[in-house]
Each structure stands twice: as structure tokens, then as C-alpha cells.
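Engineer: Chains as they are written, first to last, in the working numbering: chain D, 1 to 175; chain Z, 1 to 472.
If you are wondering where the hints come from, they were derived from the structure by calculation, not from laboratory data.
Backbone N, C-alpha and C fix where the C-beta goes; we use that ideal spot for every residue, glycine too.
Be careful, since some hints might not be right.
As the list claims (entries may be wrong) - Not everything, but these chain D residues come out facing chain Z in the computed CB check (under 7 Å):
hint, residue
1, V19
2, A64
3, S67
4, R90
5, F143
6, E146
7, L153
What the hints assert, rightly or not - Non-contacting residues of chain Z with respect to chain D, defined by C-beta distances greater than 10 Å in every case (computed):
hint, residue
8, K10
9, W12
10, P68
11, G72
12, F93
13, R96
14, G101
15, S102
16, G127
17, G177
18, R209
19, T251
20, R261
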Amino acid sequence: MSLEGRAVVIRQDDVDTDVLYPGAYLNVTDVAQMTQHLFEGLDPSLRDQLGGDTALVVGANFGAGSSREHVPQAMAASGIRFLVGRSFARIFYRNCINLGLPVVMSPEAVEAASPGSTISLDLEAGIVTVDGRPFRINPVPAFLRELFVAGGLVPWLRARLDRSATVVEIGGSEE
Amino acid sequence: MTVGKSLFEKIWDAHVVHEAKGEPTLLYVDLHLVHEVTSPQAFDGLRLAGRAVRRPDLTVATMDHNVPTLPGPIEDPLARAQLDALRRNCEEFDVRLYATGSGREGIVHVIGPELGLTQPGMTIVCGDSHTSTHGAFGALAFGVGTSEVEHVLAAQTLPLVKPEQTLVRFDGSLPPGLTPKDVVLGMIGQVGVAGGVGHVFEYAGEAIRGFSMEGRMTLCNMSIEAGARAGMVAPDDTTFGYLERREFAPTGGEWERALDRWRAFASDDGVRYDREIVVDVEALEPQVTWGTNPGMVAPVGGVVPDPAQYADPDDRGAVERALAYMALEPGTPIGEIRIDRVFIGSCTNARIEDLRAAAAVASGKRVAPGVTALVVPGSAAVKRLAEEEGLDRVFVAAGFEWRNAGCSMCLGMNPDVLQPGERCASTSNRNFEGRQGRLGRTHLVSPAMAAAAAIAGHFVDVRELDVEAVPA
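Make the full structure from the sequences, and use the hints.
Structural biologist: Dropping the structure here:
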């Protein structure tokens, strides 16, 4: 499974989910509406930089604080294809994976990236490439790749629970 | 010497459903707490897939985030829709709901323990990051997102990678006038907001043993603010004393058997923790945050830091940005920071002991002119008990507003919000930009320090105030 995107960079550390998606909009359940509040407390103009092929490049402990899944939901719906960070807060990290939004850690790749950089991600090989420069990351375990392919935790779970019905073959072909 | 097992490892091992190389462990969940904000999509998902809640008997819901704390109808249509959705979902899926007005409602992390639902040795999850609170009982408790809420509703399990373990040892005895909130803020100031990422914290030390359950809950509640997955305190007689005779605590012979089981959840000697942190409790003063995350904290006798003191350019930039947002000048004594609002409440500090501590400071005094102060009990039960003790009258006589239970001004999603530019002394857990309302400025403190700030109109060392015992 490999992905490519154009970098949008949030370099500061400890960016919390309250500034990524303020509490005033937590009652929104429509994903299209959520996208209109993404980054609102941080820098709403970042929204204008997102396209269908965005690689979001972030600092350390990104996504700290609240467990609100609105953040990765709005990110995925805004065209963010994957995240590369120095490190991630754990609940946010799990929320991304659970929605099928790949997240990888590479401080070196973050250092090398600038806004507009072309970033590609090879999950099996464990390589993230920034403007042609490859950086090694921990290979993403097969289990996580299955989750990404299934589209997240819930579709993966449904398929598991429905295994006898063979709706989706888990661990099957990728790409 | 044999390697002992920690509290965390004992709970983990007792809940493993499935283990395979290269896969996360599937862990059983004993208690799933649900509130109206992170659950509607999860219930929708179940409905779409035609599934039931697997263990409605292990699932308990309440209403907290959206609940107005003043009497009267809910004005916000989205908030009303969320509460209505929870009510419908709980009916359809046969989940116990402690709805507003039931008398047992409140902040999810306050009612779990007070109903005796939270017990030692359990695994507990909730779609809320402050689920770490329940670790105070020697449970493994952590927050999850909405996808995981759906997973647990459907399967009563979660796939998890085993976290690492940190022993946080609090050395020394608690100085007079210092509270658990000061201890946890001091710890976060020391380890930083990312200091616990990927780890479960086990709290130990003489000072922690001396904490009440309310104090241990305050401590464990803010584990997530250090980035930790969970925080835990091994259960002891204080834990058992709190639980005995609570509504869902075991009774009779069951209680005796439970005690035998629970006592075994202490960490053995010779546990190998991945890391150890030592916090010198005796060196701590009452704490006040000056910045925009809980690690940006100073003793009340200190000053607002100067960004120039920070060697690391990233740190310097973060401090500059925080001070600009907070409208604070470097070198300002903390005691000279004036406030507009006071919020005493939240899952961190809205239990009976917190309200008693605040009332002891407020008793016989008046809220400073120009300051609006709010006291919001953590649950309907806490409110009733406080009123029985006369705390409401102490607060009202001093000029505080006495409200109904709810999350209130902790998170800026219900009518209780800061106006842009307002500065608040708050007993909640997060001072992030905009957390209590757009462009609001939050300083985190203990309940006693919040009450003292309300009286003085600025931060003040509560130990130097003439604090009276609340009349019985």
C-alpha cells in the first residue's frame, strides 16, 4: 500500500484537539459540516491549502487532549490522505488508524519537509520519501495495513464478525 | 529474585481474550461508560450493521457535556438533538441511562465511582479522554474515540498494543495547604505534556496513600494531560471504605470475596517498570498555570516565565505564542494576575471534597467586585450532599452562583462559556486556547485556590488566607 501527497505543514509541538476542532462544534455529526471547523482554533486558513492529495506534516505530540474523533474525520473528509509527524498523542493516533487514515512517525522526514513538498509513503517497506529523499520508518505491521485497507476499525470489525458471510476477506489482497 | 507483576500487568493479563504474534491483544472490557457526545455515530453504526449492544449490562450512559446548568429548557437545538438521540439509543439498545432529572445523573467520571460501578481490577473505557479518572480505584481505565465506542458496544473488547509502564513515585509527605490538584499540576510541569505518551502511570508514595479517593481521582484524571494512556493507584482500605455500601458495590458474602480479590491488585515487589519518575512533593507550592497547556505551570509565588530563558527554539516559540494568547508579560508575579471569572467544577474537581475545600475558603467572604464565580457540582448526588451540608448557602452568601450538575465551563460546548478575552481561574483540566470559549484565557488551579482568587480578584496563596472551617 503506497500513498503520495503534497505537504501541508504544522510545525509546532503539542497541538491539541481543541484548537484542531473546538468544543463548540462537537455536536456536529455531519462530516461535511465538520470540515468547515477543522483547524478553527489554530489557523483556519490552513483549510484553504487542503486538497484531495494532502500529506499533513506535523510536530511532536500532535493531537494532544480530547478523544474527539471529529478531528481525523474532518481531516479525511478534507482530503488529507495521511499524516507524517514527529510523534502523536495516543488517542488521536488510534482514532486516525481506526478511521483508516494512515499516520507514521519520522522526525527526520518532518525536518526535511516544507510546504508543498511531495511526500510518498510505502507502508510495507517502511519508507517515507520527501522530495525524493527516503527516510526509514518502522514498517507498519500487517494488522494495521489490514485496517487501512478495510477502511478502519469498524469496517474491519464488521467483516470479522460477519466472517462466515465472507463479506470482506481480511488479510487478503492489498491494492 | 523473581520478577513481580505490577497492578497494570495483573489487570491486563486477567482480561486477555486473544493474543497472537504481530497483532494487538484483544482485551475484554468490564465497564463501558457512555455519554451523548461521542456515542451517536457509534449507535448509528450498530443500527446500520443490524447489531445489538453485546453487553448492555456492562454499559451505562449519562448526559453531561451538553446539559445546561441553569434550570429551564435547552435552547441549542443541536444540544437537544444529542440528548434526545442518547435517550432513544439507550431505549432501543436496552442500555441503562441516568438521564438529566433522574437524580443519579452527572459527569460520567463522577457518577461511575459514586454509584460503585467503578471497581478495582476492572477494565473501563469511555469515549472521553478523562476516563483515566477511574484508575484511582486500581482499574485500567482509558479514553477511546467513537470508532472504538462502536467496537466495544458491538464486541465488548478492544484490540490494544500493550503500553509501557512508568512508576511515578511521590516522595515526601504532603505539605499543609497543598492539594492533589497542586501535586498533579506539579508533576505535569515536571514531566511535560508528552511525558507519558505510550505509558501507563502507576502512582505510588506516602503522599498518595494519604489522598482520599476524591484526591486520587483528581490525580488520575489528569494523567492524560501528561499524555499517559492511563493512571492508576493500587487499591487499599481507603478505596474499599469509599466503595462499601455504594449502589452497585457487592454486598454480604460477595463483598468479602470482592475484598479478597481486590487486595491482590497491588503491585508485587520487584516489578520492572520501563521507567521511574520521582516527584518531590515537599518542594511543591500551590500551582497556577500561566500558559496554554497544563505543563505551563508555576508556583503561586513564582512569576510568568521569560521566553528568552528557553534555549530550545521550539520551546521559546511555544512560550511566546502562549504568552501572546494569554496576554501576559514575562516576569509578572503570578499573584498580580487579575481574573474576571472563576469556575469550580469539572470531572477533575467537582466532587464533595472539592466543594468543601472551596467553601472553607469562601465562608464569610465576598467574591471580589467585577468577578463572576460559578460552582458546578459534578453530579446530582454531589449537589444534594453539598446542600445537606449547607455548602450551597456558604457559596451563595459569598456571591458565587450555585448551579446544576454538568460538564459546564470545562469545555466550551454548552451555555457556560468565557467571552473573548475573559480570564478565568478554573478547577478544570485543560487550559488550551479556546477551551472554555473562543479567545477565553484559562488558568488551572485547585478548588481552594480558585475560591481564594474569586475573593481576592487575583491569584493569591491560599495558605496565607484566613481559611475558616465550614459551619456544620
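Engineer: Does the interface hint hold: is E146 (chain D) within less than 7 Å of chain Z, judged Cβ to Cβ?
Structural biologist: It is violated, given that the least Cβ distance between E146 (chain D) and chain Z is near 10 Å, above 7 Å.
Engineer: Decide, holds or violated, for the assertion that all CB atoms of chain D are farther than 10 Å from the CB of G72 (chain Z).
Structural biologist: For G72 (chain Z), whose nearest Cβ neighbour in chain D is about 19 Å away, the distance exceeds 10 Å, so it holds.
Engineer: Over 10 Å to the closest beta carbon of chain D is the bar; see if P68 (chain Z) clears it.
Structural biologist: holds (13 Å)
Engineer: Could you let me know if the closest chain D CB is still more than 10 Å away from the CB of T251 (chain Z)?
Structural biologist: holds (34 Å)
Engineer: Just to be careful: measuring from the Cβ of L153 (chain D) to every Cβ in chain Z, is the smallest value less than 7 Å?
Structural biologist: holds (5 Å)
Engineer: Given V19 (chain D) was flagged as interface, is its beta-carbon under 7 Å from a beta-carbon of chain Z?
Structural biologist: The hint holds - V19 (chain D) has a Cβ within 7 Å of chain Z, the shortest such distance being about 5 Å.
Engineer: Mind checking the CB of R90 (chain D) against every CB in chain Z and telling me if the closest is under 7 Å?
Structural biologist: holds (6 Å)
Engineer: Confirm or reject: W12 (chain Z) is not an interface residue toward chain D, with every Cβ-Cβ distance exceeding 10 Å.
Structural biologist: The assertion about W12 (chain Z) holds, with a minimum of 16 Å to chain D.
Engineer: Was S102 (chain Z) rightly flagged as not at the interface, with every chain D Cβ beyond 10 Å?
Structural biologist: Per Cβ check, S102 (chain Z) is outside 10 Å of chain D; nearest 22 Å; holds.
Engineer: Would G177 (chain Z) pass as off the interface with chain D, using Cβ distances and a cut of 10 Å?
Structural biologist: Nearest chain D Cβ is 30 Å from G177 (chain Z), so the label holds.
Engineer: Run the C-beta distances from G101 (chain Z) to all of chain D and say if the shortest one exceeds 10 Å.
Structural biologist: holds (20 Å)
Engineer: Please verify that the nearest CB of chain D lies beyond 10 Å from R209 (chain Z)'s CB.
Structural biologist: Holds: least Cβ distance 28 Å, greater than 10 Å.
In the structure shown, a violation is registered for the earlier hints numbered 6, 16, in ascending order.
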